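Trainee: Quick note, the sequences are listed as chains G and X, same order. With our numbering applied, the first sequence corresponds to residues 1 to 279, in that order. With our numbering applied, the second sequence corresponds to residues 1 to 279, in that order.
Honestly, I wouldn't trust all of these hints.
[Unchecked claim] Derived list of chain G stretches under chain X, where covered just means 3 residues or more per stretch with a C-beta under 8 Å from a C-beta of chain X:
| hint | region |
| --- | --- |
| 1 | 46-55 |
| 2 | 59-65 |
| 3 | 140-149 |
[Claimed, not checked] 27 Å max Cα-Cα, derived DSSO-like pairs, lysine-lysine:
| hint | chain 1 | residue 1 | chain 2 | residue 2 |
| --- | --- | --- | --- | --- |
| 4 | G | Lys163 | G | Lys140 |
| 5 | G | Lys182 | X | Lys3 |
| 6 | G | Lys13 | G | Lys70 |
| 7 | X | Lys3 | X | Lys270 |
| 8 | X | Lys70 | G | Lys169 |
| 9 | X | Lys70 | G | Lys83 |
| 10 | X | Lys109 | G | Lys70 |
| 11 | X | Lys169 | X | Lys3 |
| 12 | G | Lys158 | X | Lys270 |
| 13 | X | Lys83 | G | Lys77 |
| 14 | G | Lys140 | G | Lys169 |
| 15 | X | Lys83 | X | Lys109 |
| 16 | X | Lys163 | G | Lys140 |
| 17 | G | Lys163 | X | Lys3 |
Calculated directly from the structure, the hints in this document are not laboratory data. The structure displayed is predicted, hence computed values, not measured ones. From the three backbone atoms N, C-alpha and C, an ideal C-beta is built for every residue, glycine too.
2 protein chains.
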Amino acid sequence: MTKAQLIQNIKTKKTMLCVGLDVDMDKIPQHLLQTEDPIFEFNKAIIDATHPYCVAYKPNTAFYECYGSKGFASLEKTVNYIKTTYPNQFVIIDAKRGDIGNTATMYAKAYLQNMPGDAITVAPYMGEDSVKPFMQLPNKWAVVLGLTSNTGAQDFQKLPLPKFNAQGKIEVELLCEVLMRKVATWGTTENTMFVVGATQGVLIKAIRQTIPNHFLLIPGVGAQGGNLQEVIQNGSIPNEYGLLINSSRSIIYASNGADYAQAAGIEAQKLQQEMSVYI
Amino acid sequence: MTKAQLIQNIKTKKTMLCVGLDVDMDKIPQHLLQTEDPIFEFNKAIIDATHPYCVAYKPNTAFYECYGSKGFASLEKTVNYIKTTYPNQFVIIDAKRGDIGNTATMYAKAYLQNMPGDAITVAPYMGEDSVKPFMQLPNKWAVVLGLTSNTGAQDFQKLPLPKFNAQGKIEVELLCEVLMRKVATWGTTENTMFVVGATQGVLIKAIRQTIPNHFLLIPGVGAQGGNLQEVIQNGSIPNEYGLLINSSRSIIYASNGADYAQAAGIEAQKLQQEMSVYI
Chain G
1 MTKAQLIQNI KTKKTMLCVG LDVDMDKIPQ HLLQTEDPIF EFNKAIIDAT
51 HPYCVAYKPN TAFYECYGSK GFASLEKTVN YIKTTYPNQF VIIDAKRGDI
101 GNTATMYAKA YLQNMPGDAI TVAPYMGEDS VKPFMQLPNK WAVVLGLTSN
151 TGAQDFQKLP LPKFNAQGKI EVELLCEVLM RKVATWGTTE NTMFVVGATQ
201 GVLIKAIRQT IPNHFLLIPG VGAQGGNLQE VIQNGSIPNE YGLLINSSRS
251 IIYASNGADY AQAAGIEAQK LQQEMSVYI
Chain X
1 MTKAQLIQNI KTKKTMLCVG LDVDMDKIPQ HLLQTEDPIF EFNKAIIDAT
51 HPYCVAYKPN TAFYECYGSK GFASLEKTVN YIKTTYPNQF VIIDAKRGDI
101 GNTATMYAKA YLQNMPGDAI TVAPYMGEDS VKPFMQLPNK WAVVLGLTSN
151 TGAQDFQKLP LPKFNAQGKI EVELLCEVLM RKVATWGTTE NTMFVVGATQ
201 GVLIKAIRQT IPNHFLLIPG VGAQGGNLQE VIQNGSIPNE YGLLINSSRS
251 IIYASNGADY AQAAGIEAQK LQQEMSVYI
């Protein structure tokens, strides 16, 4: 999907919502366990109920791989279902992959070609040759980890690095800012996004100054405690919006009864209505 | 597997060799393509031919995921085959995973429980809660990226960070060293290893001073150009060896004729003989 199409979808549907499909068999309604593919059945119903209120879906691969090759097949079916039934939805495979060049190319093939994802999340620690292969397929995106929503973001992402300012004096800059500025030079705003956690509050504003024109994928609204209004005010781009705001657990586990899909639709609609004020 | 068992295996077999199972269908002997599971058939023959000369195997998940759920099943079969047939082999799932705490726990379950890997490679950028779940299962290991073998290692892993020395003066230290020292405090030498590329030459010596007691997984010998003697002299630990040295392509693609397994065995034996001098 192109950036222009994504922006148009946000504008038309008045939502920046991305629904995270992190399916845990222990948390889904128990009557689904009798079906042949409980994970896919669950996802299909959630997708059918939430699609009017979101522009993107984000399945996290961990939740599929932990059920082995059968779980991997559920992931394939889910991604294929979304892109076949609702082709305007932007699908982010949340895989956080990163490996040396020839191996990264295999991952790009796996998730952006064989599986028809629009984007994949990428771990940047291994540098340029590990990230670029995800930026080289037409209308496909690398969503690179910048500043994440978890407590561990403190450990390395916020390490201070020395930097000379315009007056020749030493200032400090966070590793995540240095990293995002560098990664931004490897691609364009048409094939690169960054993950920035909703829980990072005012830092989102600083990051928006560092990378003014890139879309940000923002997890951490909802269960993890990030504030929607603050995120939009600090992170959006005039006219282009520039944000995909993810919510997983608070939508997909809104109910674990027979009404789970309906309840997910209601939660997604609530978030859509909150977001529509800004669009 | 415990550290004592691993050291004993190195001592008994006089080898630190880890064989990387990075199977590309375009590179395997074409007669295997008629079998039901070419990847598994290839791996099985390679494993049967090389097991006397190595103490570890390392399948890289990218090469399986790019064949979808069928490829994922080949990975499961391969890992099960090794641990059932040659239980003394240490199996490292080269997955380079890293995600927030509850998601990392799912990955640990996928690769160290459901799949009987001894170890998984872990990307550390997301910090403590993303790494620790891989250190918490008995006799299982997190193999954390330190300084990798690829050209992109230059981009972030070698960023200089300021540090006060014992005399109160500012010195610089590389990000990868700061990172490895911190990660080392989250686990023990019984559940944590680090990836350090063979191509990093003299830096391996500096890293051995930073983390004197941890096993290192060393990729990059062979096709990538790292020097075996230099690696062992700079990186080994007295009496404990402390190294697993990986070679993939130069062993598994030693021939692409009907003699591919035999040729792989010969290559592995050559490396074992070179290593035996130091054990």
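Trainee: Checking one constraint from the list: CA of lysine 83 of chain X to CA of lysine 109 of chain X, max 27 Å. Satisfied?
Mentor: Holds. Lysine 83 of chain X to lysine 109 of chain X sits at ~17 Å (cutoff 27 Å).
Trainee: If you draw a straight line from the CA of lysine 163 of chain G to the CA of lysine 140 of chain G, is it 27 Å or shorter?
Mentor: violated, 33 Å
Trainee: Taking beta carbons only, do three or more residues of the region 140-149 of chain G come closer than 8 Å to chain X?
Mentor: The restraint on the region 140-149 of chain G holds, since 3 of its residues have a Cβ under 8 Å from chain X and three suffice.
Trainee: Is lysine 70 of chain X close enough to lysine 169 of chain G, meaning Cα to Cα at most 27 Å?
Mentor: Violated. Lysine 70 of chain X to lysine 169 of chain G sits at ~57 Å, over the 27 Å cutoff.
Trainee: Counting residues of the region 59-65 of chain G with a beta carbon closer than 8 Å to any beta carbon of chain X, are there 3 or more?
Mentor: holds (count 4)
Trainee: When I compare C-beta atoms, does the region 46-55 of chain G have three or more residues closer than 8 Å to chain X?
Mentor: violated (count 0)
Trainee: Run the distance test for lysine 13 of chain G versus lysine 70 of chain G: straight-line Cα separation, threshold 27 Å.
Mentor: At roughly 34 Å apart (the allowed maximum being 27 Å), lysine 70 of chain G and lysine 13 of chain G break the hint.
Trainee: Holds or violated: are the alpha carbons of lysine 3 of chain X and lysine 270 of chain X at most 27 Å from each other?
Mentor: Cα-Cα ~25 Å, so holds.
Trainee: Between the alpha carbons of lysine 70 of chain X and lysine 83 of chain G, is the straight-line distance 27 Å or under?
Mentor: holds, 21 Å
Trainee: Just to be careful, I want the Cα atoms of lysine 140 of chain G and lysine 169 of chain G compared with a cutoff of 27 Å; is the pair within it?
Mentor: Judged against 27 Å, a Cα distance of about 40 Å means the pair is violated.
Trainee: For the pair supplied as a hint, lysine 163 of chain G and lysine 3 of chain X, is the alpha-carbon distance within the 27 Å limit?
Mentor: It is violated: about 42 Å lies between the C-alpha atoms, which goes past 27 Å.
Trainee: Given the hint that lysine 163 of chain X pairs with lysine 140 of chain G, does the C-alpha gap stay at or below 27 Å?
Mentor: violated, 40 Å
Hints 1, 4, 5, 6, 8, 11, 12, 13, 14, 16 and 17, counting from the list given before, are not met by this structure.
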